[in-house]
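2 protein chains.
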Amino acid sequence: MKKLPFLLVFTSFLGFAQSSDEEQLKAIYHQSLTNSKCYSWLDYLSNTIGHRLSGSVGAEKAVQYTKAQMEASGTFDKVYLQEVMVPKWVRGEKESAYILDGKKKVAVPICALGGSVATPKKGILAEVVEVKSLKELETLGEAKLTGKIIFFNRPMNPENVQAFLSYRDAGDQRRSGAKESLKYGALGVIVRSLTFTLDDFPHTGNTNYGDVSIDKRIPACAISTNGANLLSQMLKQNPTLKFYFKQSCYQEADVLSHNVIGEIKGTSTPENIIVVGGHLDSWDLADGSHDDGAGCVQSMEVANIFKNIGYKPKNTIRVVLFMNEENGGRGGDKYQELAQKNNENHIFAMESDSGGFVPRGFSIEGTDANLAKISSFKNLFEPYFIHSFTAGHGGSDIEPLTSPKLVKAGLRPDSQRYFDYHHAGNDKFDAINKRELELGAATMTALIYLIDTHGI
Amino acid sequence: MKKLPFLLVFTSFLGFAQSSDEEQLKAIYHQSLTNSKCYSWLDYLSNTIGHRLSGSVGAEKAVQYTKAQMEASGTFDKVYLQEVMVPKWVRGEKESAYILDGKKKVAVPICALGGSVATPKKGILAEVVEVKSLKELETLGEAKLTGKIIFFNRPMNPENVQAFLSYRDAGDQRRSGAKESLKYGALGVIVRSLTFTLDDFPHTGNTNYGDVSIDKRIPACAISTNGANLLSQMLKQNPTLKFYFKQSCYQEADVLSHNVIGEIKGTSTPENIIVVGGHLDSWDLADGSHDDGAGCVQSMEVANIFKNIGYKPKNTIRVVLFMNEENGGRGGDKYQELAQKNNENHIFAMESDSGGFVPRGFSIEGTDANLAKISSFKNLFEPYFIHSFTAGHGGSDIEPLTSPKLVKAGLRPDSQRYFDYHHAGNDKFDAINKRELELGAATMTALIYLIDTHGI
Chain F
1 MKKLPFLLVF TSFLGFAQSS DEEQLKAIYH QSLTNSKCYS WLDYLSNTIG HRLSGSVGAE
61 KAVQYTKAQM EASGTFDKVY LQEVMVPKWV RGEKESAYIL DGKKKVAVPI CALGGSVATP
121 KKGILAEVVE VKSLKELETL GEAKLTGKII FFNRPMNPEN VQAFLSYRDA GDQRRSGAKE
181 SLKYGALGVI VRSLTFTLDD FPHTGNTNYG DVSIDKRIPA CAISTNGANL LSQMLKQNPT
241 LKFYFKQSCY QEADVLSHNV IGEIKGTSTP ENIIVVGGHL DSWDLADGSH DDGAGCVQSM
301 EVANIFKNIG YKPKNTIRVV LFMNEENGGR GGDKYQELAQ KNNENHIFAM ESDSGGFVPR
361 GFSIEGTDAN LAKISSFKNL FEPYFIHSFT AGHGGSDIEP LTSPKLVKAG LRPDSQRYFD
421 YHHAGNDKFD AINKRELELG AATMTALIYL IDTHGI
Chain V
1 MKKLPFLLVF TSFLGFAQSS DEEQLKAIYH QSLTNSKCYS WLDYLSNTIG HRLSGSVGAE
61 KAVQYTKAQM EASGTFDKVY LQEVMVPKWV RGEKESAYIL DGKKKVAVPI CALGGSVATP
121 KKGILAEVVE VKSLKELETL GEAKLTGKII FFNRPMNPEN VQAFLSYRDA GDQRRSGAKE
181 SLKYGALGVI VRSLTFTLDD FPHTGNTNYG DVSIDKRIPA CAISTNGANL LSQMLKQNPT
241 LKFYFKQSCY QEADVLSHNV IGEIKGTSTP ENIIVVGGHL DSWDLADGSH DDGAGCVQSM
301 EVANIFKNIG YKPKNTIRVV LFMNEENGGR GGDKYQELAQ KNNENHIFAM ESDSGGFVPR
361 GFSIEGTDAN LAKISSFKNL FEPYFIHSFT AGHGGSDIEP LTSPKLVKAG LRPDSQRYFD
421 YHHAGNDKFD AINKRELELG AATMTALIYL IDTHGI
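Listed in order, the protein sequences are those of chains F and V. The first sequence: position 199 = 199 (the numbering used here), numbered continuously. The second sequence: position 246 = 246 (the numbering used here), numbered continuously.
Everything labelled a hint here was simulated from the structure, so no lab data went into it. Beta carbons: idealized from backbone N, C-alpha and C, even for Gly. Check the hints yourself; a few may be wrong.
One side only, chain V facing chain F, incomplete, derived with CB under 7 Å [said to hold, decoys possible]: (1) H30; (2) P158; (3) E159; (4) V358; (5) H387; (6) Q416; (7) N433; (8) R435; (9) E436.
Using the sequences and the hints given, assemble the complete structure.
Written out as structure tokens, the structure is:
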């Protein structure tokens with residue numbers, strides 16, 4: 001019985017910690033749902049600034065706007081920019097395409113893939129070979145592919161509950177379709193849009209030519225899923241029909257851009273840094289509200305919520321809006337380069353880059369012990385319907401970041417609707433639900449609070 | 001050590017049961033995401049038939065369509081209708097309303113609340129008293145309320161993560177605002193729409209006059225949230241401004257309608273009945289895709305998935321599409337009346353009436369032991385991101401149903417976006433995500449499979 005008093009003290013201390021955490025989470029979610037700024041920030045980024053492709057006027061305006069907002073917030077000890085040279089790819093004139101079946105022309109919605117070269121000025125007109133995989137190119141070989149347009153038409157597999165798995169699996173067609181097809185003398189590439197839905201939006205995204213010289217590159221476009229189904233159906237009727245497309249995209253010289261950083265100095269261990277961020281650049285077909293305006297304003301909201309609940313972090317918190325995730329990843333690389341140069345010690349990095357949908361949990365990149373530690377907070381999150389803590393990738397922008405004991409996490413919102421909008425002309429502010437966005441911000445804030453308080 | 005062999009056998013038996021359940025759930029979700037009909041059924045209900053207010057042509061068409069679909073499916077042993085007399089409320093001409101501030105007229109979007117009486121033909125023009133609660137009427141009293149239009153303007157509380165709590169709390173204004181206001185000589189009632197969003201859609205829904213005779217009833221309308229904010233703001237500037245509204249809704253005599261029922265006879269205990277359903281009627285401002293076309297087609301899909309995976313239920317399964325949930329509940333009452341008359345034994349009843357959004361779990365209405373039993377299936381659902389099993393209400397249509405050991409459950413989809421569409425002009429098919437709808441159907445099927453197999 002002698003040890004009981006100690007046990008009681010210890011238990012009641014734990015009880016206090018838990019209940020104090022409960023209270024803090026309650027305050028965090030309350031602030032986010034009643035007093036947040038993230039939705040109006042995103043409104044401005046999306047509806048006033050618009051798209052933010054690296055090197056564009058929009059990207060530069062977004063840098064200035066978010067920096068000014070962070071400065072005006074009174075939340076940060078320091079707001080600053082990190083210079084980073086970024087690639088500048090320009091779409092040029094709106095693309096056009098049609099299926100030519102005998103004398104019948106049927107227009108279909110396409111867009112150039114990011115990084116693609118242009119077609120010749122008069123466009124490309126050629127017969128089409130439909131394939132379902134990169135591997136099929138080998139089987140068909142040069143004899144069947146030379147002089148043709150290759151049409152990659154493997155849909156995203158609907159059977160994965162986690163939509164990102166389907167995206168990853170079908171994504172090789174977009175990422176490598178052009179690079180692989182040109183080896184067989186193909187003239188161009190059409191890729192089925194990476195979305196589950198049947199609609200008329202072509203979805204862009206980067207294609208990668210590797211080290212193929214510019215003069216050998218062939219143009220690549222995405223076709224909407226309805227367009228892809230139509231083309232496939234018409235090819236069955238007439239395998240020698242032709243496809244025409246024209247695009248005038250081009251690459252300019254790299255230009256100067258910036259990561260935007262707001263820093264709250266830690267009260268007890270300022271040398272330990274916690275990063276929370278999203279990427280400020282977006283594709284150019286819409287506002288990039290989900291990808292990744294949402295992640296940027298949620299990251300800014302983390303600091304805003306801390307201010308509103310009067311929480312002073314022990315460790316230094318950095319809100320980082322990375323530039324150029326979509327077509328280069330230069331912002332993430334630059335952040336790491338400078339962190340290393342300055343001998344910084346990062347203990348935790350969180351990224352939100354999966355849309356502003358209702359949050360479900362986090363994927364954790366660290367040791368098993370890190371995952372166990374973070375999962376031990378699970379019961380605190382359950383009142384907010386956050387329940388999924390799994391091992392997995394943190395995020396593209398924080399991928400280059402290294403530090404001896406660094407743990408990374410990615411916010412995992414519900415994934416079902418993400419690819420309805422991803423890289424397409426409908427990734428707009430009206431596709432954002434204010435509460436879902438705010439719940440994501442609160443969930444990010446809650447985990448950062450817990451890690452800042454209890455360590456990792 | 002002697003007991004070990006038994007333990008091993010027992011464990012491996014459990015292991016087998018668990019793994020066979022795992023396989024069945026995998027098959028269920030797979031079928032739902034790759035081979036379901038619910039989305040196309042809902043497309044027809046929403047886009048070809050349209051609204052299905054009780055007593056309307058649409059409601060009758062929906063009865064015939066779903067009956068024909070169930071018959072054609074080859075899934076059921078029996079498909080039949082249950083006759084039920086339903087109230088017929090008709091909106092009449094489109095409502096109109098404006099704020100009259102001196103000579104300035106500002107039009108605002110309103111709609112009559114369901115069950116409301118009409119205004120006089122020329123409309124009502126009167127001063128407005130803004131209140132935040134029913135209780136405030138008492139405080140103000142007859143002196144301040146007679147001859148006035150009462151404007152109920154308490155917003156839904158954004159701080160609840162569970163949106164239905166906010167709906168329940170703010171809902172008394174819509175449900176009882178007219179009945180309470182007429183006691184003080186008010187001429188009419190305006191109710192702020194029950195939604196979190198700021199937009200221009202008025203949200204209808206039933207108002208209840210209790211036993212007040214028709215000649216004493218006063219007209220009640222919903223105003224869009226933007227309209228409510230504008231009116232409130234203008235009232236602050238000019239408390240004696242006037243509000244005008246006109247509506248020509250009316251109640252006709254009850255008409256004959258139907259519950260639609262498809263039945264699969266149980267293979268071993270056919271006398272035990274499991275019900276799964278939604279309500280076929282909807283409000284009249286849109287298609288009622290979320291409320292509750294979704295619940296109907298998901299319930300039909302349960303039977304379709306069982307057919308596709310070759311599962312023959314032990315107990316009798318009834319898919320029930322209830323009529324008249326929105327403004328009477330007559331279908332649910334009739335179902336119970338006949339169940340009782342026929343001495344039927346219902347063991348489980350599930351309702352889907354919270355929108356076709358991504359499913360999160362179930363609310364369970366039963367004993368603690370029932371909740372524990374159903375919660376014991378939780379680990380089987382986790383791969384599908386279903387995690388919330390809580391005590392709570394099953395659903396309005398299954399509320400009247402009684403049987404000695406009956407357990408009820410309501411599908412609980414994510415609630416954040418439900419009130420963006422609920423009872424409003426934007427509750428349309430384009431607000432439905434195919435995968436979210438299908439995941440809901442799979443989740444319902446999975447729980448019914450588990451209860452049918454393991455008992456409750």
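Evaluation of the provided hints:
The criterion of a C-beta within 7 Å of any C-beta in chain F is met by V/H30, whose closest approach is roughly 5 Å, and the hint holds. With a cut of 7 Å, the hint placing V/P158 at the interface with chain F holds, because the nearest CB-to-CB distance is about 5 Å. The interface hint given for V/E159 is met, as the beta carbon of that residue sits about 5 Å from the closest beta carbon of chain F, less than 7 Å. Given the 7 Å rule on beta carbons, the hint for V/V358 holds: about 5 Å separates it from the nearest Cβ of chain F.
At its closest, the beta carbon of V/H387 sits 4 Å from a beta carbon of chain F; the interface hint therefore holds under the 7 Å criterion. For the restraint placing V/Q416 at the interface with chain F, the shortest Cβ-Cβ distance is roughly 5 Å, inside the 7 Å limit, so the hint holds. Given hint, V/N433 at the interface with chain F, holds; its Cβ is 5 Å from that chain's nearest Cβ, closer than 7 Å. Contact between V/R435 and chain F, as hinted, is supported at the beta carbon level, the nearest pair being about 5 Å apart and thus within 7 Å.
Because the smallest distance between the Cβ of V/E436 and any Cβ of chain F comes to about 5 Å, under 7 Å, the interface hint for this residue holds.
This entry satisfies every hint, going by the numbered hints stated previously.
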